[in-house]
Amino acid sequence: MQTPPVYSFHGGIHPPENKAQSLQLPLGKPSLPRELILPLGQHIGQASRPLVEVGAKVKKGEAIAMNNGFLSSFLHAPTSGTISAIESRPIAHPSGLSDMSIILTPDGADEWTELEPLANWKEIGKTDVLAFLSEKGIIGMGGAGFPTQVKLQGAHKHPLTHFIINAAECEPYITADDMLIREKTLELVLGIEILQHIVEAENVVIGIEDNKPTAINALQQLLRERQSSIQVAVVPTKYPSGGEKQLIKLLTDKEVPSGQYPADIGILCQNVGTCVAVYEAIQQGRPLISRYTTLTGDALKAPQNVEVLLGTPIDHLLEYADLQDKKLSRLVMGGPMMGFTLDSGNVPVVKTTNCVLAATKKELPAPYPEQACIRCGMCEQACPASLLPQQLLWFSKSQELEKAEHYNLFDCIECGACSYVCPSSIPLVQYYRHTKAEIRDTREAAVKSDIAKQRFEARKARHEAEAAEKEAKRLARQGAAKPAAKKPAKPAPEKADAAPAAPVADEAAKKAKVDLAIAKAKLKKLEKALLEAQEKEHTEEISALQTQVDEAKKDIAELDKLVASAPAAAPAKKAAAPALNDEAKKAKVDVALASTKLKKAEKQLAEDPDNQELKDKVAGFTADLKAAQETFDKLGGDVKAAPATAAKPALSDEAKKAKVDVALASTKLKKAQKQLAEDPDNAELKAKVEGFENDLKEAEARFAKLDSAPSAQAAPAAKPALSDEAKKAKVDVALASTKLKKVQKQLADEPDNDELKAKAADFEKSLKEAEARLAELDSAPAAATPAAKPAMSDEYKKAKVDVALASTKLKKLQKQLADDAQNSELQGKVVEFKKALKDAEARLAALEAPTAAPAVTEAPVQAAPAADEETLRKLKIDAAIAKAAVKKAEKALTKAIELGSDDKDSLEQQVTKAKAHAEEIEKALQNGGQVSAQAPADSANAAEDAAFKERLKKQKVAAALAKAQVNKLKRQLDADPTAESLQQELSAAEQKQQEEEAKLEQLTNTQENR
Amino acid sequence: MFTVLLAIGILVALALVFGAILGYANVRFHVEGDPIVDQIDAILPQTQCGQCGHPGCRPYAEAISNGEAINRCPPGGQATVQALADLLDVEAIPLDGGEEEPVQKVAVIREDECIGCTKCIQACPIDAILGAAKQMHTVISDECTGCDLCVEPCPVDCIDMVEVGVTSRTWSWEKPQGVGVQSAHIIATDRQTEAAQ
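For the protein sequence lines, the chains are A and B, in the order given.
Per UniProt numbering, the first sequence starts with residue 1, numbered consecutively.
Per UniProt numbering, the second sequence starts with residue 1, numbered consecutively.
Just so you know, not all the hints are guaranteed correct.
Said to hold, decoys possible - Incomplete in silico selection of chain A near chain B, CB under 8 Å:
1. L118
2. R433
3. S449
4. I451
5. R459
Since the hints were made in silico from the structure, they are not lab data.
In this text, a Cβ means the ideal position worked out from N, Cα and C, and glycines have one as well.
Model the full assembly from the supplied sequences, consistent with the hints where possible.
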């Protein structure tokens, strides 16, 4: 076996080794502690995901947490027992913070789960071996806790020239690796061989410091026996030769470039502990559940190395090593150079804990105060990374992050050599750590702000697009109307035609696209399910899923075609209808134009009747007009025939015309009758009256016929038609009764007129008929209350809007008034508006009353729940709004009080008023809630449940509101503890809150009982 | 006389030649300078909170480039003021409205109390609130910039601004106190032992 060459690295220090103390005793095995604390984040990267629940029984070696992403790892139960909790516990971290941990209470049996070694690791793929290592929770045990399988994967990027086993253990006091090599030499070598097989390295070198002669001997002897190609390189003792980059420099004379990894230059480094863990995982199936840790320091009577279960509290270990409490001044996890102080001993051992140092005051005295840098340059001499610590200190102190980065701050390995040699006791490493964190924070903030900016801009763009779309629509509407009115002959309307057609095509295309996206998403999901089924070998599912996938694929292909064809096909189809409309418009305009021209010409002709030219013109115009009229009629017919909906308005138009006729006829009749009364002998007049009467009758008949037509129309139109009919019937009744009255009057003046008598009888009959019809119709709308309701809620809405407007105006005025308190005009206005507001509120309240109790009205049962819900929702929103009003008023009040304004009283009144209003609404809300809960009591169970849930929700809202009120009052009270009124209010609010909560609890109980 | 004219002529010719070269270089090697507004915008924290009185960070960046004070950004804190002062080469003035350093917060909706009014959704400048009418809303906390804008519109007051706590993964070492002050957590203290021996 040849000895590999050993080179040197820049800098480094020689602190006292202090390694002998912990090597006096053999390897210790502490007893099981009362509980094991297993933090979920023992490695670099994402915290693991727990696989067990509280109360679960686990066996030794069972996985209790799995990896959560790429840079994550598994966690296993170090002994058998019960999971007693998964909670936040203090962890071994310089911050002293807590983190989520699984707490395991050992049962003492220490019973292993079935272990499955990976016997055929030489045959199977390397990726499978790496996955197996990941499942066994193997991470780098040197200190950083980098998941081993990730590091090994990274090693495949470049062909490896060197595989280095780090056994240097350069930090003072620590002897855990030394002890591990001595105790598990064979396991170590076998582990190295496994890793060598995985990474296929040319040279395998174990780097070990010359202060471990026993370990070196043991290794060399074994390697000689096995005639292994593994080399042992004994390096001189110098801190920090155990640093990855330093050891690489020592053994290969290569430097890892700044910002790169050793794998980038074909070198892989692994700690001895990791190698042993790999061997145990693969050959024995043992997950990483224990490790070697050095317990040392002068405060311990029995410093030694121990094989300790992960999760063992430090206290337990210190007790095992006979800690003398009085001597202990600082508890350090890790070595004296790179370790960190622990605040207490209740933190657990984790996968990276290589040493626990219980130091006395003499061993680790309090550091001297920092002094000014004297630019001695000793730190530069000591830096193993060849940095300029002094420059970095300046930049760190003055927060010049960019410059610090430029001076390669991130190449600092935080070894502490510079701090060690600094004659001014400057805690350089702490400066660097802080600055590194700052730079990382800044980068993260930059990323986050970039994302926020993107989101903000996307939102803005979306809003703008929406606004533009609206504007375009508006313009299109305008554009369609304008050109027709102005210059119909111009091709402008065509443009308007094209504009609406395009969006339609777009829409069709969009829809097809959306369908396509949905289909694709479906396909993906199906494929995933298929994959899962294949993995789990559910054969019956696989075939079904396969067919589904095929179907989905076919769908997508179809949709694809559709998307391709949609933009072409859509516009043609859609453009037809509006084009027709537009054409009709154009034709109409043409007609108008032609008739205008004709009129003009005729006028001119009238003035100058002999002008032949003019005559010709008139004739031409007449022909034009006729042609235009024809096209218009044709188009109009088309338009009318095309949309069925157009029929109704047309019909009603006719009805209107008939009605007008009726009115005209009756007026004429009346006039004639009047004349007849004045001049009863005029036969001509009589004839006229008769003629008019006939006319009127005819018109009425026509009207009646038309009237009946709409009622016979399509079913959906029935309801409005019904109400229309009712209106008409009412009108008829009124008309008939008026006529009757008039005739009766005439009859009173002229009691002998038989004709009049007959008329009166006639009219009486028609009145009765009309009334009967009205009565019949009246009963119908009762069945269709929903139509009535909106009317009410419309009014209600209007009232509410009035209130809101009034209050807004009032507020504005009050604001102005606050600015300009002397303005009497403004004060007058304020008073006025207050009155208006009150009026509006009163109106609203009046309207609210019927809305709040809709169940009492005659509304049929069917409509009730819907109406109920509607009102309730409205009430809920009202309550929220009232609440907000109270809030705002209170805010205004506090502001007024702060400013010492005179407005205080009025504002207070306002607040109380607003509160009263809010309470009222809340009450109404509760009532409504009860009603809604009662109303459907006899209906199906489901409805009941829904109502109950609604009620529960409402109660929750009420409770939350009460709570919010209490909180707010408390806050106010905090700000102004002397205000008695506030205290009273607070107690009242608290009481209310309790009530509400009690109610809520009651409701919840009821729900549970169901 | 001829010499003088010759000299003047040569100088004029040289001036013309160099002028032409310079002019060409100016066009040919024109560097599109990063407009100042973009640079300012890059420094601002992009919370879009409007606390500066502008509707978003970019409008404030534009306002700054037009001479507005650089200390109106509470979420950015003094660090942003300093960065802006460095960029614009003006004096760093204290933050408007106190020296308080910004605390990173996120909005959290108490979901039991949400009535689903969508008002907060409309208020959020970065679309970080999910929900629909009459459905419970929730904040995407990873996207939330803690701008506060959703708190005011909530009619039932169910949005809290919660400080983002420090976890063991976001924790960082604090800066040493400086010269003359004894620092805890100092490492590499074995030197004293050596000195004692």
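Here is what the structure says about each hint:
The closest approach between the C-beta of L118/A and any C-beta of chain B is roughly 32 Å, which is over the 8 Å cut-off, so the hint fails. This hint holds: R433/A has a C-beta 4 Å from the nearest C-beta of chain B, less than the 8 Å allowed. Evaluation of the S449/A hint against chain B yields a held restraint, the C-beta minimum of about 4 Å falling below 8 Å. Interface hint at I451/A: satisfied, since its Cβ lies 7 Å from the closest Cβ of chain B, which is below the 8 Å cut-off.
Against a cut-off of 8 Å between C-beta atoms, the interface hint on R459/A holds, since the closest Cβ of chain B lies about 5 Å away.
When each numbered hint is compared with the structure, a violation occurs for hint 1 only.
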